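Peer 1: With the hints as extra help, turn the sequences into a complete structure.
Chains D and L, in that order, are what the protein sequence lines are.
Residue numbers for the first sequence follow my numbering, so the first one is 1 and each next one is one higher.
Residue numbers for the second sequence follow my numbering, so the first one is 1001 and each next one is one higher.
Hints were generated in silico from the structure; no laboratory data involved.
Any given hint could be a false lead.
[Claimed, not checked] With a straight-line Cα cutoff of 30 Å, these simulated DSSO-like cross-link-like pairs (lysine-lysine) come out:
| hint | chain 1 | residue 1 | chain 2 | residue 2 |
| --- | --- | --- | --- | --- |
| 1 | D | LYS349 | L | LYS1054 |
| 2 | L | LYS1058 | D | LYS417 |
| 3 | D | LYS358 | L | LYS1075 |
| 4 | D | LYS365 | L | LYS1045 |
| 5 | L | LYS1045 | L | LYS1003 |
Fair warning: this is a prediction, and the values are worked out from it, not measured in the lab.
Here is how the chains run, residue by residue.
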Amino acid sequence: MIPALRVRRKYLFYIVAITSTIFSAVTVGMDTLITSRLSEYYPAGEVSWIYGFNTFFIGLFTTILICLFLSIRVRGRRLGSVIIDPAFDGLRFITKEEFRYHIFAGLGNAISTIGYFYVLSLMVDPSAVIPFFRVVILYLLLVEMIAEKNAPTLIEVQSSVIVTLGAILGSISISGNIEIAPLAAMFFIVNPGWVLFSISQRKLKLLRINGKPNDSINIRLWNLIFTLVFVIAIMLIHDISTGTSYIADSLRNCGEILGMVAISTSITFFAYVLYIRALGMGKASITEAVRASIVIFSIPVTFIISHIVEIPVPQSAVLWLIKAIGIILVVLGILSFALAQITAYIFIKAKSGVRIEKLIERIWKIRGIESVSAVTGNYDLIAKVRIRTLPKGYERIIRKLESIPDIYEFRWYSVLKEWSVV
Amino acid sequence: MIKAYILVRTRVGKLEEVLEKAKEIENVENISVVSGDYDIIIKVKVNDLEDLMKLTDKLHLINGIKQTVTYVIEKEISL
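Peer 2: And the structure:
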């Protein structure tokens, strides 16, 4: 038997999120390559639409192929469950419950992508505005506070702001002017779209399908289907209302860029399934903050790409200094997220005559509970808790447990250090 | 497939040594050092009860472990 790799448990989420980010950095590089090739034939405004359509159109086919490949059984287990998400058990249709969230996730993805391409088409050098995409972390903090009744702790607010500012500094270019129209599009179209997209995907990932956790592979596949529908709808409206022929042009160009887009979208697939898996483990804002590390991983990618096509690489030392400061901030912010976490076990004894089956469901609903197990022995249930601070543990968990009359007694064991098999 | 929590009490001064040995045991999913009247909580995943017995036997052979209590999981809900 292979000796299993043991890592500190709290790093698992960060490993998944950062792996996803590395894949994303590669696709961003590929995007630059493909758009630069397309812009040889078409004006900048149209390139973004053509490329936007094809990422989803060709992306759907490559995704289906990858999903089929991941569905192959090897020694009784699906390939996808071994390498991507343990919850995966073959492709399936979505349930009624999922449908609503898929509508939102698809709409969010379509809005944010089209908005993003709109920003690209508005200006020659988008690098001055694109960094503001990272402000989405702060949007998410706010939305979570309202929608999930999940008030951020001081450390979460601090780290998010540090990461956001760092990411802006790390990816900004001085050469570009900041114009109002693209900036407004960024703040009012792209970012809200992305918030809708990530919050809905997190909801989807947290849903239980037939009593089992939802898997990121199916979520990604269905999200693409829904997004493509919305993108076609938006482009149709645009075509009809302004007399353009974006859809026809897109389909015509499909073959030309097929190879490169296929590679790019395949990598995107892995970036997203890992992103969705990370969303299931941590809050959307924090997942997004970890993904701000893209400013680091995109640097080597930029260098490689700059040898193939001409893209602006910062020349002045000041700009590099600013970038370096930005990267340090991002790393610091992510580290403080990673380190500020508390885990505990709670051993629970139920009163006699209480149905454990019901009690387990009730405890599972408490926010911050990561797992509950019914066990044999002195205690009836063992729950595992993951929270940011001990006071939160009191407010959110102890108080709730105290209010359940079926509990006879419980004991709290704070985890001092933890290792897990990854 | 059987999962279980094993609660471990160690002799004072032996914690680090016990941890290093416990990490090498097969089928161990998670090891947590905790504060309270136990010192370590180990989560294991084995094929059957016999494997569970073999695993606890291995734990008992580690010098420094004073006592273990095993809770077999009947049902688990987790993320």
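Peer 1: Hints first: check each against the structure and report whether it holds.
Peer 2: These are the hints, each one checked on the structure:
no.	hint	in the structure
1	D:LYS349 to L:LYS1054	holds, 28 Å
2	L:LYS1058 to D:LYS417	holds, 22 Å
3	D:LYS358 to L:LYS1075	holds, 12 Å
4	D:LYS365 to L:LYS1045	holds, 25 Å
5	L:LYS1045 to L:LYS1003	holds, 4 Å
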